[in-house]
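Chains as they are written, first to last, in our numbering: chain S, 1 to 314; chain U, 1001 to 1281.
Simulated from the structure, these hints should not be mistaken for lab results. Glycine is no exception: its CB is placed at the ideal position from the N, C-alpha and C atoms. Be aware that a few hints might be false.
Chain S regions said to be covered by chain U (calculated; three or more residues, Cβ under 8 Å) [as the list claims (entries may be wrong)]:
1. 52-65
2. 107-113
3. 279-293
DEER-style ranges, computed between Cβ atoms [unchecked claim]:
4. D72(S) / I1267(U): 54 to 64 Å
5. A1264(U) / P43(S): 40 to 50 Å
6. A65(S) / L1191(U): 26 to 36 Å
7. A1264(U) / K60(S): 18 to 28 Å
8. D172(S) / I1031(U): 31 to 41 Å
9. L1041(U) / T17(S): 29 to 39 Å
So you can see what is in the structure, the chains are spelled out below.
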Amino acid sequence: MVNRPDSADAVVLDKVTVEYGKNRALQEVSAVFPRGAVGLLGPNGAGKSTMLKSLLGFIKPTAGAMQVLGLDVATKPTEIRARLGYMPENDAHIPGMNAVTFVAYCGQLAGLPHADAMQRAHEVLYYVGLGEARYRNVETYSTGMKQRIKLAQALVHDPDLLFLDEPTNGMDPKGREEMLELVRDIAHNKGISTILSSHLLPDVEFVCDHVVVMDKGRVATFGPIQELKGPAGRVYEVRIKGDLQKFIAALEAQGIECHETDEDIMRVFVPADHATGESARVFQLAASHGVQVRHLRPSLPTLEDVFAKAIGEA
Amino acid sequence: MSPIHDQTYRRYEGHREPPGHTWTVIAWAGIRNMLQKRAFLGLLIFAWVPFLVRAVQFYVAANYPQVSQIIAPAASTFRDFVSQQGTFAFFVTIYVGAGLIASDRRANALQIYLSKPISRTEYIVGKLATLLFFLLGVTLLPALLLLLIQISFAGNIAILREYPYLPPAILLSTLIQVLVMSCTMLALSSLSNSPRYVAILYTGAIFFTTAIFGALVAITGGTRVAWISITSNVSQVTDAIFRQPPSYESPWQISMLVILGLLALSISVLERRVKGVEVVS
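Using the sequences and the accompanying hints, generate a full structural model.
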């Protein structure tokens, strides 16, 4: 049995810099990925894949230190990879093998005895939904099936931590939904911590509890998604007829946060601790200041808001 | 009702092999893969035909004294046999070796391999072992068997008394031959995603250097530049190991240095090319 030291956090990065020639792919990145499901979010080219590949030991950082499951990446890459499962972004398979042979082979590469690897391969292929196609050559698989087999090979040796790089790339809506269900099940019910790298906000929001947002090789923000979305309360889109500046001043005096947008609609955050109800509170203030409310629509803060704010698009 | 996948995924609590033995998994997978190909099995069988011919020769020499003076086995017989098997080793190298790394590169398999608890060295050793297995199977194995057959047909170990260096010479010469072939091929295989292109590249490297050597022989009238040709270097070193007169005028030590240089270059190429991620800066 592999010795499995315990660590509170799945991944810790301390001022990690990765350079490709003159380009800095990661710039003094410091972040903590707790156990559970963590989304690694960012636009294309933000440095997400570079971060995962650095954690796998594929790329050596020019500066900084990294820990995975409490083990130092620089000194114990093999021990780390024994406990990791990696689903790469692009198509990847061992040529000339059918699915069950391929997944069992990956299990053996990860240290499982032949018989155990074969048994696990069958189980995992059923789990990812490829049970009926497990004797087909991987090269004949569709894009969605190739995504599933990549997940299977990452799972076969029962890792403690999964790195999933854009797992829903190229999948149809139904397949995407099934893949996200699988990933959520793995992360929440199977005790396997998961880092989901994606540029798709809904994917991350569906699967993850925590998020690390990256932009231009830096960590823009990180933390629990609920916390980043802001305190309890409701956001409304409001349009009024009357003295806008006076009304904003009245709202802010009551502890209600207001943001004007480019159009005539403003976003109003009403804290949840008002006994009267958030929307009634807005109406009351409007009435008392002689302002007509022409439009009031609830707008829930989303991960998109967090993302936009973090990378400076808000 | 719980989803179906809940019934099929279990945590694994069984035994795990310690790191360091994974190259054997890679090697056996490669060997099994090749043995499934009928055309390749045909090539392997064909590569043993010279062994059968030599075995008949040894039988005749042992049992018909009137011809034994002409065809009696000597050190040169084994040296010639090793050289002869080089032709089959060339085809086996192309068949087995061209796709060993190139196919993995084409299928992006390197990041699958290297995301597992194996080192780049283990990966290379596993691939090298696949090629060496078959190459030794058509060079070292028949040569040693031939020696045993001669001893059994003759009913004595006279050949070993006369040429006591024969077993180590067979071992050393075939090892040098197959190491040069396999390391060169593996390095070339790591340079491309196309096994076909690698096969052409390898054939080109062998024939081009030999052609240049041939042209220089025609111009200079001597064979002092034999070190230019890969096959001539192996041949020159093999002559020295079997204590035979050298085939060319160049010293065998220079040929040995060229071979060592070629091996070092191949290892350097593999070190640079076998990576989990291709960085284009």
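Hints, verified against the model:
Beta-carbon proximity to chain U at under 8 Å applies to 5 residues in the region 52-65 of chain S; the threshold of 3 is reached and the given coverage holds. Interface restraint, the region 107-113 of chain S with chain U: holds (6 residues with C-beta to C-beta distance below 8 Å; minimum three). Three residues within the 8 Å Cβ limit are the bar, and the region 279-293 of chain S against chain U gives 0, so the coverage statement is violated. Against the hinted window of 54 to 64 Å, the Cβ-Cβ separation of D72(S) and I1267(U) comes to about 28 Å, which falls outside the hint.
Here the CB-CB span from A1264(U) to P43(S) is close to 44 Å, well matched to the stated 40 to 50 Å. Taken as a hint, the range 26 to 36 Å holds for the pair A65(S) and L1191(U), whose Cβ atoms sit roughly 34 Å apart. Range check, A1264(U) to K60(S): Cβ separation about 23 Å, and the 18 to 28 Å hint holds. For D172(S) paired with I1031(U), a C-beta distance near 39 Å keeps the hint of 31 to 41 Å intact.
About 53 Å separates the C-beta atoms of L1041(U) and T17(S), a value inconsistent with the hinted range of 29 to 39 Å.
The structure fails hints 3, 4 and 9 (numbered hints given earlier, in ascending order).
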